[in-house]
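Okay, here's what each chain looks like letter by letter:
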Amino acid sequence: MYRVFSTPDRWRMFFRQFPKEMEKLGLNSLGIVVIISIFCGAILTIQTKLNTSDPLLPRYSTGMVTRDTLLLEFSSTIMCLILAGKVGSNIASEIGTMRITEQIDALEIMGVNSANYLILPKIVAFVILIPCLVIFSMGMGLLGGYAVAAFSNIITISDYLYGIQYAFVPYYIFYSVVKSLFFAFIIASVSSYYGYYSYGGALDVGKSSTNAVVNSSIIILLCNIVITNFMLT
Amino acid sequence: MIEVIGVNKSFEGIHVLKNVSVRLDSGKMNLIIGQSGSGKTVLMKSIIGLHKVDTGKILYDGRNFPDMKFSEIKQLRTEVGMLFQGSALFDSLSVLENVIFPLEMFSNMTRKEMMKRAKFCLSRVKLQSHAFDLAPSEISGGMQKRVAIARAISLNPKYLFCDEPNSGLDPITALVIDKLIKEITEEYNITTIVNTHDMNSVMEVGDHIIFIDKGRKAWEGSREEIFDAQDEALNEFVFASELFKKVREAHHTK
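Sequences listed follow chains A and B, in order. With the working numbering applied, the first sequence corresponds to residues 258 to 490, in that order. With the working numbering applied, the second sequence corresponds to residues 103 to 356, in that order.
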């Protein structure tokens, strides 16, 4: 950890790596974020409507429940669990392959702080980009719900739009973004750790990658309880 | 010059290097040979500092590596070039960028000067310019070794370590790589240490040969002296093939 967060040997090398990591870890994840958010937003709207058909419940409740579910848990926690699979395995396998092909040894022998050079830009890039992904996911999820209202008879557009605006708590967005910052740090650092300490051959890199995803997911879930307790109770 | 004095190294109670002492001169091809598991890779990694020795000294021109501070080790690293068995080129960088990398990290050159130096190093290892912008995966094994040599010499190292430099290469390319390393060693007066199994390398370019057997230095000498060596383990290792037995016989009948 100390080696990762020490001052880079050359800042210009850090700033050259940083945008590459932003693209690789953040921008390249946009596709999966869009697809999953739209479909989950849509299915949340359908499920909420079908399971709350009590006439005593206001019609706008479907939109409100969809919005709060997206804001509070889906776009931060569930999206980060999904990204732990995509980004985490990417990081662990990339660094792990560099380890077993002696590229990390080559960096060390040159006198480069390999942990800092390889890991720090990934952590910084992912932590900076995750709020954008989370907010984008919220928007896409709400759009998915809107699509259900627009293209089916399950809920009207006006009920849905009223519902997603009713009793809106802006703090939920802040809470979600703060959570995601922690989760992004967990994904990037845990995956880097498993990749950096890989050894053996291709099979072992696969194991490291799996361990990275499983362990980051568990830590995210534990961390979610702690942060939720701290910020919402 | 590198001097290894009384080095011992154990892993989990297994004594791998046993009181190894050897002097590795500059401007010479110092070859470490030995069977698999004899400890030659551990010796090389101990000299470079990838393994911390239990006891003993490793003197880089009088500077004892185990006693060095972090800043001194960092400085020493810039004087060391290393050629790995699998080349260890950075996949994400092009051939030219691989050679520029150490310059960007440790020199104060301008971009133009770095390009010039990198292109000089690549031309010195006789790599054609059309390969400069290719990825390492797009060039042959022999070309990858050349790029790795170019990267290793880009900062004008005083010490060059080569771990099995011709493994996986055909005999002609292997010989070209061996001769290239020897030329560079002599041209820049580098202390070169080569870890190898290849007897062709030993006979072609070995100025100073160190034979490691069961963690001990069993023999050292020149490639001419190897024909008259009395060490049984060395003779079994070097003259294992019929071809080299005949070479020895021919040498003795001269």
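Hints are supplied without guarantee of correctness; some may be wrong.
[Claimed, not checked] Reference listing, derived: stretches of chain A covered by chain B, where coverage requires no fewer than 3 residues with Cβ under 8 Å from a Cβ of chain B:
id, segment
1, 286-292
2, 332-339
3, 474-486
[To be verified] For each label pair, taking beta carbons as the anchor points, the in silico distance ranges come out as:
id, chain 1, residue 1, chain 2, residue 2, range
4, A, I292, B, N166, 28 to 36 Å
5, A, Y454, B, S194, 17 to 25 Å
6, A, R267, B, E285, 28 to 36 Å
7, A, L460, B, Q137, 52 to 60 Å
8, B, E306, A, E280, 21 to 29 Å
9, B, H299, A, F296, 51 to 59 Å
10, B, L195, A, Y259, 23 to 31 Å
11, A, I292, B, Q230, 28 to 36 Å
12, B, Q230, A, G396, 47 to 55 Å
[Said to hold, decoys possible] Okay, derived cross-link-like pairs now, DSSO-like style, lysine-lysine, Cα gap no bigger than 27 Å in a straight line:
id, chain 1, residue 1, chain 2, residue 2
13, B, K348, B, K284
14, A, K464, A, K343
15, B, K221, B, K159
16, A, K277, B, K218
17, A, K277, A, K343
18, B, K171, B, K218
19, B, K316, B, K154
20, B, K260, A, K277
21, B, K348, A, K277
Hints listed in this document are in silico derivations from the structure and should not be mistaken for laboratory results. All residues carry an ideal CB built from backbone N, CA and C; glycine is no exception.
Do the hints match the structure? See the list:
1. 286-292: violated (count 0)
2. 332-339: Since 0 is below three, the answer is violated.
3. 474-486: violated (count 0)
4. I292(A) x N166(B): 28 to 36 Å: 60 Å, violated
5. Y454(A) x S194(B): 17 to 25 Å: 20 Å, holds
6. R267(A) x E285(B): 28 to 36 Å: 31 Å, holds
7. L460(A) x Q137(B): 52 to 60 Å: At 27 Å between Cβs, range violated.
8. E306(B) x E280(A): 21 to 29 Å: With Cβ atoms ~47 Å apart, the hint is violated.
9. H299(B) x F296(A): 51 to 59 Å: Check passed, 57 Å falls within 51 to 59 Å.
10. L195(B) x Y259(A): 23 to 31 Å: 27 Å, holds
11. I292(A) x Q230(B): 28 to 36 Å: At roughly 45 Å between Cβ atoms, Q230(B) and I292(A) fall outside 28 to 36 Å, so the hint is violated.
12. Q230(B) x G396(A): 47 to 55 Å: With Cβ atoms ~52 Å apart, the hint holds.
13. K348(B) x K284(B): 26 Å, holds
14. K464(A) x K343(A): Holds, because 15 Å separates the two Cα atoms, which is no more than 27 Å.
15. K221(B) x K159(B): 38 Å, violated
16. K277(A) x K218(B): Since the Cα atoms of K277(A) and K218(B) sit roughly 25 Å apart, the hinted pair holds (cutoff 27 Å).
17. K277(A) x K343(A): Within the cut-off at roughly 17 Å; holds.
18. K171(B) x K218(B): Judged against 27 Å, a Cα distance of about 34 Å means the pair is violated.
19. K316(B) x K154(B): 19 Å, holds
20. K260(B) x K277(A): This hinted pair is violated, its Cα atoms lying about 34 Å apart.
21. K348(B) x K277(A): 58 Å, violated
The earlier numbered hints that this structure contradicts are 1, 2, 3, 4, 7, 8, 11, 15, 18, 20 and 21.
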